[in-house]
Amino acid sequence: MGLDDKIEHGAEDLKGKAKEAAGKATDNERLQAEGEADQTKANLKKAGENVKDAFK
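Under our numbering, read the sequence shown as residues 9 to 64, first letter to last.
The hints are simulated quantities; they were obtained by calculation from the structure and are not laboratory data.
These numbers were taken from a predicted model, which means no experiment stands behind them.
Careful, some of the hints might be misleading.
The calculated SDA-like cross-link candidates involving lysine to any residue, where the alpha carbons are at most 25 Å apart (straight line), are [said to hold, decoys possible]: (1) 14 x 48; (2) 60 x 18; (3) 64 x 18; (4) 53 x 39; (5) 60 x 39; (6) 14 x 44; (7) 23 x 53; (8) 54 x 34; (9) 32 x 17; (10) 25 x 58; (11) 23 x 34; (12) 32 x 22; (13) 25 x 13; (14) 25 x 48; (15) 49 x 31; (16) 53 x 34; (17) 54 x 44; (18) 23 x 64; (19) 53 x 28; (20) 64 x 11; (21) 60 x 10; (22) 25 x 44; (23) 53 x 30; (24) 54 x 24; (25) 25 x 39; (26) 23 x 11; (27) 60 x 32; (28) 23 x 41; (29) 23 x 51; (30) 49 x 18; (31) 53 x 17; (32) 14 x 45; (33) 54 x 19; (34) 60 x 28; (35) 54 x 30; (36) 32 x 50; (37) 32 x 45; (38) 54 x 42.
Construct all of the structure, not just a fragment, from the sequences and the given hints.
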């Protein structure tokens, strides 16, 4: 996994955590769900890159 990818996925994860926290703070379930979805997407991308790295 390239450094750029790690930074990008980490930023996406942080964005998701911020959305989730904002959703919890404002009782906005949709925003909270979007944040959780962003985190899941970032984690899946990280896992995919780790699989690619394992086969190199």
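Query - Violating hint indices (sorted, rising) - result: 5, 8, 16, 18, 27 and 34
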